[in-house]
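Colleague: Read off the chains here:
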Amino acid sequence: MTENVQQAEEQVEELEEIDLTAANEVIDKYIDIHGNLMPVLQGIQEAYGYIPEATVHLAAERLNVYASQIYGVLTFYAQFHLKPRGKYIIRVCMGTACHVKGAGRIGDAIVERLGISHAETTEDLKFTAEYVACIGACGMAPVIMVNDATYGSITVQKTAEVIEKYKAMD
Amino acid sequence: MVNLTIDGKQITTAKTSTIYEAAKENGIYIPVLCYAKKLLPYGACRICLVEVEQMKGRLIPSCTTPVTEGMVVTTTSDEINKVRKTVLEFLLVNHVVDCPVCDKGGECDLQDLTYEYEVVTNRFQGEKFDLPTDEVNPLIERNMNRCVLCGKCVRVCDEVVGYGSYSFINRGFETKIATAFDRGLNCEFCGQCVSMCPVGAILPRPFKFKARPWQLKDVDTVCGYCGNGCTVTLGVKDNQVQTIRFNEDTGVNHGNLCVRGRFGYSYVNDATRLTKPLIRKGGELREASWDEALVTIAEKFKAAGKDLGIISGARLTNEELLLLKRISSALGTHHLDHSGGECYQGLTAGLNETMGISASTGTFPQVEKCNAILAIRSDFYETHPVFGMVINQAIRLNDAQLSVIADKRGKLSKLPNARTLMHKPGCEINMINALCQVIIAEGLAKTDDLQGLAELTKALADYTPETVAKMVGADAEAIKKTARELAGAKNAAIVVAYGLPYTAHSKEIAIAASNLALLTGIAGREGSGLYLCGEKANSQGAIDLQITPGPAGLGAQQMLNSAAEGRLPVLYLVGEDPVVTYPDQGLVKKALEKSFLVVQDLFLTDSAKYADVVLPAASFTEKDGTFTNAERRIQRLRAGIKSPGEAKSDFVVFQSLLNKLQKTAPAAPAAAFGELTGEVAGYAGIVYEQIGPQGEVWGGETLAPLKKVLIPVAGNEPLQAEYQLLVGSALYHSGSVSTRSKGPMSVCPEPYIELGRDDAVTLNVKTGDMIQLKAAGVTIQSKAKVDNRLPKGVIFAPYHFAGLGLNRIYTGQSVIAVEPSKL
Ligand code: SF4
Ligand code: SF4
Ligand code: SF4
Ligand code: FES
Ligand code: FES
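Chain order of the listed sequences is A and B.
Numbering-wise (the UniProt record's numbering), the first sequence opens with residue 1 and increments by one.
Numbering-wise (the UniProt record's numbering), the second sequence opens with residue 1 and increments by one.
Chain A on its own, in the form it takes in the complex (with noise of 0.2 Å):
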């Protein structure tokens, strides 16, 4: 057998994997709507936190759309995630006002402690980082987020006090 029949094979019990009730409840929600795509995407990605793979070949096949296509869309939009998140996100500002003051200490820091860098999560799922531009807040830079929380005037040593604080909750 060829390579790429093996890669196929592969593929399908990779993607075997994953629960698809979700994704197609989102689709029976959509599918009569024209321009469905990106309602559809947003959907599957609030119900799995990310888009699974499967979940992409199972719109295309329901949607008629080409997976090739939705995976355009996908990689065209920052907000789309590919790969699972974890359930908390660390936004660490790199925009010139925190990058002046040090957020590249911060972002070290946080690799340190955790172990991962810009879009890295965890293997616990528990936490994944992002760097990002300027967040708005330049009064109090450099700035961390921890998803609606704003952490201003952060330090090495404060960014691991918050990391503390969330390792322990749950």
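Among the hints, erroneous ones may be present.
[Claimed, not checked] DSBU-like cross-link-like pairs, simulated, lysine-lysine; straight-line CA separation at most 30 Å:
id, chain 1, residue 1, chain 2, residue 2
1, B, K128, A, K83
2, B, K176, A, K83
3, B, K766, A, K83
4, A, K29, B, K707
FYI, nobody ran anything at the bench for these hints, they're computed from the structure.
Dock chain B with the ligands against the given chain A, drawing on the hints supplied.
Modeller: Showing chain B with the ligands alone in chain A's frame:
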């Protein structure tokens, strides 16, 4: 028409032309990169910019701008050249420029333009792309470091092929062409993207480092696989077919091919080709001289006389078929048939009874302009892929409504707006009858000059959409909609594929389809057509030449039956391998064992192993002559290479045989064609030497029915069995030659048994597991392939593979009750 001036030249052109097209028609050169004749206007690369006096102040992309009356266009100026040079500089910033090892070198648009515009230095600098090459599959290599983002591959795979492998992904500098989730390419491997790529970003792997383009001799000939009859351009070097390329200006296919035509050529160069005649001596096949072989055969044939059975494959040229007919009449035998002849009863008997003709009524280019298309059976795209692309084009360019009468979902069902009329296996006729019923009941029928309307109306009383829907599990509303569309469309087409895996109800399906074609006026109306498409490259030619049983003669299947009973002493198989491709393998083997068997073929096929004499034949790349495709188009084959060893074309073999039988034979294919135009009515007046690149369609673009008789045909009861097996074509194969080619074999290497998801769950089977099917006491085993195109309870198996032994349980039924189980 519109008048304009380009570079001082007065030009009149069609209103729909773009500036680029108008220039090209008139021999004025404008460079292009992202433009392609067969794709929708795009306008991304800006290399084709020109000046238009009426639109001063900016440069205009000529490939997307329509012509207007009085337009004054300039195609070259210092300003224009400067911009074109800048475009090239930009492209070259990130491009790897590894021309010395790039197979595209010599026919690369970027290389040629860089040279033409003398881009010696680059004012811009930037990072070179450094992306890994995709070489997961054996046929197509993708090196995105050479990509110029023209989008042609994305567009052709969508607009023409309808597969949709590629998309632009990411943004900005990161933008590139990728498959879903950026995986290795895993598609139909039709190679259309290879043909379209202007640079060396998508290349055919079998051709890597084989030759520089200018070293290849181009030979235009006709693909030897299916009844589509695509023009293929052989790239020949060192008496080998090194590659097959496309030529969008010739033939019916606009340079489109399928995996068989594009990559299925390697069997031609295969080392296991037969190179010498073989004669069985002391129980073994041993090499012999041509003369000894021919003398032996002639004696046996003469002795058998009218008891000789001849079965020809449908890949012989028309000229060869003519000589074969001469041989049969010289010997007085009526037992003559071609590749599974019975399957063509739809054409030879069915259509003949209703319309008095035995061919499709329209031509493929007309289908592109249809508004409504009905496909009977799901796998037209698999059997005639490039005709499938024509249907796709009709949908894209003409907004055609496609309906598919199907027992499983195939690629047609995935096309935009396709409506699939699902029904239980084996019940196509019920569905067609229901369509006819609606048309009559709603007063939509075009009844002028139709015979038998009253009888048909009466017979169809039991076929209301509701009754049929209930019986065969279909959707009555969808049937009604489809019927109304077909009746109301200005141009409409009905398409059905014929061939070995579709023996059952062949005649009845054709009659039902022609009833529909007559009621809707589709048959014989300009722009519309009923297409009954033969499976093999020259199936239609074989029908035209009547390579069919004479009075009281036996058909292929009957010959085998008779031989198995010891009543047909000598069998002559020309390019046909019934052990693999015919129903009921047990019977076939018995027949071949019992008779004195002569096999003429490229390889020592499974059937040839039973032979007493084997003659080495020539492939389509080694032949001159003509094929007639499924739309009656007669096209010329041209030999590109010489046959290996002592192998000879069937034409030469038949000539020698006729001589041994003391008969004369035409000296060359051209002369033979001349003779056959005198014998085959439709071919009269066609001159071999004058058959141009687009071929000659016998009977004209629209073949008028000679009569219009409606004949009632009864539908079938659905089979009552939990699991039902369908036999058919797999996309990548056609008959059994393709299983000797590296191309199709590396994509679809093994036989498989396909199951739907639900059944896979019930039977606890995953793709790759071994399963077995039991039917009437016989079992076959294979790997399973789980898919989503089969309804619950329906199982599918392709018929091309000897290994599967499918024909041990397939004896020609439309559907077979089976018991599947996991091994
Ligand atoms: S080979 Fe054909 S199906 Fe595959 S990506 Fe290219 S155009 Fe699409
Ligand atoms: S791979 Fe070739 S055809 Fe596709 S976008 Fe790049 S240059 Fe164009
Ligand atoms: S097999 Fe048929 S569709 Fe494919 S290239 Fe040959 S003629 Fe065309
Ligand atoms: S730069 Fe960090 S908040 Fe503005
Ligand atoms: S060829 Fe006209 S924009 Fe590319």
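Colleague: A separate judgement is required for each hint: does it hold in the structure or not?
Modeller: Hint check:
Of the supplied pair hints, the one linking K128/B and K83/A holds, its CA atoms being roughly 28 Å apart against a limit of 30 Å. Annotation: proposed proximity of K176/B to K83/A holds, straight-line Cα distance about 20 Å (limit 30 Å). A C-alpha spacing of about 26 Å is found between K766/B and K83/A, which places the hinted pair at or below 30 Å, so the restraint holds. A distance of roughly 53 Å separates the Cα atoms of K29/A and K707/B; the hinted pair therefore is violated under the 30 Å criterion.
This entry does not satisfy hint 4, going by the numbered hints stated previously; all others are met.
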